[in-house]
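2 protein chains.
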Amino acid sequence: MPAPLSGITVLDLTHVLAGPFCSSTLQDLGARIIKVERPVTGDDTRAFPPFLGGESAYFAALNAGKHSIALDLKQPADRAIFDRLLGRADILLENYRPGVMERLGYGYDSLHARFPRLIYGAVSGFGHTGPDAAKPAYDMVVQARGGVMSITGEEGGPPVRVGASIGDIVAGMYLAQGVLAALYSREKTGEGAKIDIAMLDAQIPIQEHAIAIATATGHPPGPTGARHPTITPFSTFRAADGFFVIAAGNDALFGKLCTTLGLDPADPRFATNGLRCDNVHLLKRLIETVTLQQPVAHWIATLDAAGIPTGRVQNMAQALADPQILARNMVLPVTPRDGGGPAFTAAGNPIKMSTLPEQSARPPAPTLDGDRAAILDWLDHPA
Amino acid sequence: MPAPLSGITVLDLTHVLAGPFCSSTLQDLGARIIKVERPVTGDDTRAFPPFLGGESAYFAALNAGKHSIALDLKQPADRAIFDRLLGRADILLENYRPGVMERLGYGYDSLHARFPRLIYGAVSGFGHTGPDAAKPAYDMVVQARGGVMSITGEEGGPPVRVGASIGDIVAGMYLAQGVLAALYSREKTGEGAKIDIAMLDAQIPIQEHAIAIATATGHPPGPTGARHPTITPFSTFRAADGFFVIAAGNDALFGKLCTTLGLDPADPRFATNGLRCDNVHLLKRLIETVTLQQPVAHWIATLDAAGIPTGRVQNMAQALADPQILARNMVLPVTPRDGGGPAFTAAGNPIKMSTLPEQSARPPAPTLDGDRAAILDWLDHPA
Chain A
1 MPAPLSGITV
11 LDLTHVLAGP
21 FCSSTLQDLG
31 ARIIKVERPV
41 TGDDTRAFPP
51 FLGGESAYFA
61 ALNAGKHSIA
71 LDLKQPADRA
81 IFDRLLGRAD
91 ILLENYRPGV
101 MERLGYGYDS
111 LHARFPRLIY
121 GAVSGFGHTG
131 PDAAKPAYDM
141 VVQARGGVMS
151 ITGEEGGPPV
161 RVGASIGDIV
171 AGMYLAQGVL
181 AALYSREKTG
191 EGAKIDIAML
201 DAQIPIQEHA
211 IAIATATGHP
221 PGPTGARHPT
231 ITPFSTFRAA
241 DGFFVIAAGN
251 DALFGKLCTT
261 LGLDPADPRF
271 ATNGLRCDNV
281 HLLKRLIETV
291 TLQQPVAHWI
301 ATLDAAGIPT
311 GRVQNMAQAL
321 ADPQILARNM
331 VLPVTPRDGG
341 GPAFTAAGNP
351 IKMSTLPEQS
361 ARPPAPTLDG
371 DRAAILDWLD
381 HPA
Chain B
1 MPAPLSGITV
11 LDLTHVLAGP
21 FCSSTLQDLG
31 ARIIKVERPV
41 TGDDTRAFPP
51 FLGGESAYFA
61 ALNAGKHSIA
71 LDLKQPADRA
81 IFDRLLGRAD
91 ILLENYRPGV
101 MERLGYGYDS
111 LHARFPRLIY
121 GAVSGFGHTG
131 PDAAKPAYDM
141 VVQARGGVMS
151 ITGEEGGPPV
161 RVGASIGDIV
171 AGMYLAQGVL
181 AALYSREKTG
191 EGAKIDIAML
201 DAQIPIQEHA
211 IAIATATGHP
221 PGPTGARHPT
231 ITPFSTFRAA
241 DGFFVIAAGN
251 DALFGKLCTT
261 LGLDPADPRF
271 ATNGLRCDNV
281 HLLKRLIETV
291 TLQQPVAHWI
301 ATLDAAGIPT
311 GRVQNMAQAL
321 ADPQILARNM
331 VLPVTPRDGG
341 GPAFTAAGNP
351 IKMSTLPEQS
361 ARPPAPTLDG
371 DRAAILDWLD
381 HPA
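Protein chains in written order, with the UniProt record's numbering: chain A, 1 to 383; chain B, 1 to 383.
Derived from the structure by calculation, the hints contain no laboratory data. Nothing false has been slipped in among the hints.
Repeated chains share a single entry, so a pair holds when one copy, or any two copies, can fit it.
Here are the simulated lysine-lysine pairs, DSS-like style, with alpha carbons at most 25 Å apart: (1) 135 with 284; (2) 74 with 135; (3) 256 with 284; (4) 135 with 256.
Taking the hints into account, I'd like the entire structure generated from these sequences.
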């Protein structure tokens, strides 16, 4: 059974994170990614720390298995190569500011007229329409403006950035969804489509809870630290040697939790979820007077045995060594380029499909322009 | 031009968030969603606060436009209806714990034998394989165990939950990607596929930066509050009336920022990004001695004019009134069920496609079992 996107070629003009994250997903699903980089410097993330053996570990993981050709889209000779690539590609991805592709002569309308089957996927800070379309944006700008920083952080404290770059990443994921839908649709209609994803837009649907609270109550929610805003007990707790989570989402689980910890399950102050929310700080102290007496491992084993959802708060080193994460093949070595070189590590593919073989390693990321000869040869020899 | 997933029918057994988030995306792309709910109570989120007119605003937004039939999959009469639905569906979504569908007689292997074109999408806490497959999980459990809480929060402070439920949501997005890839692939092979998404798995790829740091340096990163860990100045700053972001990602932008704020662009303590990172707290104080003298609106206008990426830290009420977000149609009213009833609000569709008309409102969410007659009638009248 071939991989779902077997035979699909992606021309990837994107750099940094949102676009490359999208093309990595398409690659995991079986597509071939041709990274079209600007000459001399290439993708900005080639210069992003940390480095191993002079190469960016960040770039190496995010671009593992892609192919690179360096083209200056203002130079006639390179434009001629790009035109030939467009004739062979299924998907074009770009993350320029709106208008740049049009000025280069590669706007969607003209490309669609020449290559009606081409799927054109764009991701930008604010999208191709609206009053702020031309403004620059970064992950943190859309995290701020889209609201997620206002609901992240300590209760009563200043806004906190989500540690993961969800401003870029969620946008890249929506772009992948649009591209995949367009691929399916093209099988029916024979026509490509343009997809226009805005990082700011993408922040809104992921805050379904905050939208419901803000619109139904008139009061936008604030940050609540490490606890669920409307379910109790559902937060981190301190053990003797670190933090762990207890997620007792209903009365039955709360009763089990009390029995397990030796607390009084009939305490009227905690009889309902509403009362537990009203007395959340008191309940937390009562639970921690017990949990601080034993290490995290003890509580994970005890709560697991009682069927109460729990988990250790892990740092990234611990997460990358977690037996479940490893068993699911979510941590992959990146194969060094010529049998030597730095040992990079990349995330595995979270889309487990019966039609997609699991990988045990990722191929190396390309050197800048490192696949030029092979790509030109492929253009000369149509399949 | 029909919507990309026009003609596609999804049987949606999922409840709460990850699965319904996925089916909402498929619906935005044109699919018809038949929500198969358990009798009497239905989807748990029908009972989630906040409420308007006795209905959950949370459920109303996340299930807008879906159709509902209540079926008890342990009862022969309801199983007979479900079997007929399977014969007409393209996609089945479920979020039970692993093994539940097999015990009901609806495991993938037996379904694939009977309905070879059916695409089977599953999302669970830990996936269908690995030592912890059978354990229960919630968003916060996978946020904790997957590492994102360890990089979110104040510098040196305790772990903080991401305010958005990215444990559920990113998993639901990966499920949508897998389903879309399988739909495309089915056009080529005639066969469906099983997709097995784990919420814990899905936390790993979104932390590309933390993985690079943990594996290349041996030191897992911690939280950095509201600043970028390796670029300075790139964080929130205080103005007279609130917080805003300055994202000066390179030397040129930093020079412009100094000129704009009246700071010395030649100060040797800030000559490179590395030095600015070393002196991040001093630089922040110097910038805030200026920015605290004017309101946020002043600084947004001033930095916009200078071409420096910036944005207000908005709460959800402000975000939902943001002219750019409104211009992009990202806030939609939910049409009341019979011309009356509560005025719910839902997020718009962030996948803007040339082949997908924009919506100006979302249809209402279904009452429990509210579409039974229409669905049974459809089963009796093959298209």
